[in-house]
Every structure is written in structure tokens, then in C-alpha cells.
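S.K.: Sequence:
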Amino acid sequence: MPLVGTKEMFKKAYEGGYAIGAFNINNMEIVQGITEAAAELKSPVILQASAGARKYAKGPYLRHLVEAALEVNDIPVALHLDHGPDFETCKACIDDGFTSVMFDGSKYEFKENIKRTQEVVAYAHEHGVVVEAELGKLAGIEDDVKVAAHEAAYTQPEEVEEFVRETGVDSLAIAIGTSHGAFKFKPEQCTRNADGVLVPPELRFDILAEIEKKIPEFPIVLHGASSVIPKYVKIINDNGGKLDDAVGIPEDQLRKAAKSAVCKINIDSDLRLAMTAGIREHFMAHPEHFDPRQYIADGRSYVKELVEHKIQDVLGSNGRADEILALVKANK
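Using this note's numbering, you'd call the opening residue of the sequence shown number 628 and step up by one each time.
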């Protein structure tokens, strides 16, 4: 099964009231855990590599890991660049066989963001590659993306129509209250429930609704959408970790978003937490072990478990692979 783009994925996701999971990849075990879960649940999936992942694993390694997953699993898979910081990075990924790239021009003023995004879109579309852009600015830290809370800005609905029209992008990442990393909100930004657990503020669904009116039937993307699942945080903390007050986006809010115009939901920190939980738990139970295949395999198992949960209970994309494959073939 060759790599596919995201146009067909997003068309079916929009029509069907579900979202495609965009999972960040960094090594073989993460790729395996994601794609094995997706294959068993017959779900489409987006594998995305950040600039940090490309520095860590190198582009050819990541591309061949994804190609290996395609040989093993017969599901629609898109290979996406996450947070491309400039034209050169986006071009390199397009030339390397990525089927989708994100240019993140959110650090620029509105007109400059449009200008730089146009350059990426022109080159990508010439090569049959789709483009995601970002309008608004998310707080948090993810690899090379570092935005302080006071620098964050919600997407302005009145800007989206002009931005999409002028750039020609295929999907748009917006800022409605999600945030990068495992510590998405400070305790003072949250309330606590009866059990003393931090509860983050509600996503700005009012902004999302206004954006949907401005650009109807256009695919929307949520970055920084990990839920920082308490199970994995507890395992980490119980086995020597220190992740006090880590808090993410409640999954019921993400499921609500997936039923709207949000067609792509990014998940990275949850994967890191699942992998770390498995490894820490293994070392605590087996201090005599030193074979990486033993402890990384436990991390991979938790990654697979996490992705299965996200696909079924949050994204709603299980059982949707065949309809996307059929649309891809019909459009050829």
C-alpha cells in the first residue's frame, strides 16, 4: 500500500463526523505501535515527523520505517511534516516523499504568514503534496516550538477566510485553547474536582463555530491535543518519575471537536508518556534487565494500547480505512 495524501482522509472524516489521528513518530517502536493498532482497528492514520524527530532519527530512517510499516499493514497512511519552520525544510520533505507538510508561520504577522505560506503551497502543489498552515499561536513546548503563555493568541475568525483564499492551503491549524507538551496549563489556570484532580479550562468552541461559518466544509486541525492520560502519568510517578500537575485536554472535548470541522487531531505527548511509562515500569520490576528489546517492547505495548484507545474512543476513525482507500482509488 503506497502512501496517500490527506485530502481523501479529510473529506471522509468531515462527512462522517470523525477525525484522523496524527501521531508523531521518532523511532521504530513508536511506528510499530501506532500502525499495528491502526491496522487491527482498520483505521486511517497520519504519521508525522517534527523537525526535532528528523534531527534525532534522520529523514531517511524515518521514511524507511514508514515504508516498512506500509509493507506490513494494508491501511491508508499519510506521511506528514509537523511544524515545518521554513520553506527549505518543507521542500526537503516534499522532495523526500512526504505526502503532506505543515508550514508553521504562526510566529509571523498575518500578511507575512500569508506570503511565506504561499511559497510553500506553490511548491507543494506542483509536486502533488498537500499543505497545512497555522493561524493563531499555541502556547507550550514541543521540540523546537517554544511559545510562552503570554505569547499565545487565539485564532481570529475574521482572518481565516482571507488566509485560506490567499494561501490556497488544504487544511488549517487553529488555536482554541489547546497547548503543546505535558504541562499544558498552570495549576492557577485550572480548577480542581472533588478528587483534587486539575481540570483545565474549556476549549473555545465558540471560536471554532465562528471559523466553521467563515470557511464551511474546510478541514480544521488541532495541535497540542494530547490528554496527558492519568494512567500513564501515575505509572511514571509510581516508578520514580516526577510529573506532578501534568494536565492535558479532556478527551470528551476532543471527541466533540472531532464531530465538527476538526478532521485532524495531533497526538505526541501522550505517546511519549505511554512509552516512558512502559520503560519505567519494566525497569522497576526487572532491575536486572539490560536488553533494550525487553524494556522498549513494554513501552511499545503501551503505545499500541494508547493508540487503540484514541482511535476508538476519541477520534472515531475505527473501521474507516476501506472507505478512504476506495476514494483514493476512485480519484486516481
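Incorrect hints may have been included.
As the list claims (entries may be wrong) - Cut-off 16 Å, straight-line C-alpha distance, at most; resulting in silico cross-link-like pairs (EDC-like, lysine to aspartate or glutamate):
| no. | residue 1 | residue 2 |
| --- | --- | --- |
| 1 | 813 | 865 |
| 2 | 764 | 786 |
| 3 | 886 | 833 |
| 4 | 858 | 878 |
| 5 | 669 | 932 |
| 6 | 682 | 715 |
| 7 | 840 | 918 |
| 8 | 813 | 753 |
| 9 | 638 | 878 |
| 10 | 883 | 949 |
| 11 | 639 | 837 |
| 12 | 742 | 789 |
| 13 | 883 | 822 |
| 14 | 840 | 878 |
| 15 | 738 | 786 |
| 16 | 738 | 789 |
| 17 | 738 | 667 |
| 18 | 639 | 932 |
| 19 | 861 | 822 |
| 20 | 841 | 878 |
| 21 | 639 | 878 |
| 22 | 841 | 908 |
In short, the hints are calculated from the structure, not lab data.
Bear in mind that the values here come from a model prediction, so they are computed numbers and not experimental data.
S.K.: Hinted pair, alpha-carbon criterion (16 Å max): residue 682, residue 715. Please report holds or violated.
M.R.: holds (14 Å)
S.K.: Decide if the proposed pair is consistent with the structure: residue 883 and residue 822, CA atoms, cutoff 16 Å inclusive.
M.R.: violated (24 Å)
S.K.: Quick one, are residue 861 and residue 822 close enough, alpha carbons at most 16 Å?
M.R.: The hint holds at about 15 Å.
S.K.: Could you grab the alpha-carbon distance between residue 639 and residue 878 and see if it respects the 16 Å cut-off?
M.R.: violated (22 Å)
S.K.: Just to be careful, I want the Cα atoms of residue 639 and residue 837 compared with a cutoff of 16 Å; is the pair within it?
M.R.: violated (22 Å)
S.K.: Holds or violated: are the alpha carbons of residue 738 and residue 786 at most 16 Å from each other?
M.R.: holds (10 Å)
S.K.: Would the pair residue 638 and residue 878 pass a check requiring their Cα atoms to be no farther apart than 16 Å?
M.R.: It is violated: about 23 Å lies between the C-alpha atoms, which goes past 16 Å.
S.K.: Check whether the Cα positions of residue 841 and residue 908 lie no farther apart than 16 Å.
M.R.: Not OK: residue 841 and residue 908 at ~48 Å, beyond 16 Å, violated.
S.K.: Run the distance test for residue 858 versus residue 878: straight-line Cα separation, threshold 16 Å.
M.R.: holds (14 Å)
S.K.: Is residue 813 within 16 Å of residue 865, Cα to Cα?
M.R.: violated (22 Å)
S.K.: For the pair supplied as a hint, residue 742 and residue 789, is the alpha-carbon distance within the 16 Å limit?
M.R.: Since the Cα atoms of residue 742 and residue 789 sit roughly 12 Å apart, the hinted pair holds (cutoff 16 Å).
S.K.: Regarding the pair residue 669 and residue 932, is the alpha-carbon distance no greater than 16 Å?
M.R.: Distance ~15 Å between residue 669 and residue 932 Cα, so the pair holds.
When the structure is compared with the earlier hints, violations turn up for hints 1, 7, 8, 9, 10, 11, 13, 14, 17, 18, 20, 21 and 22 and for no others.
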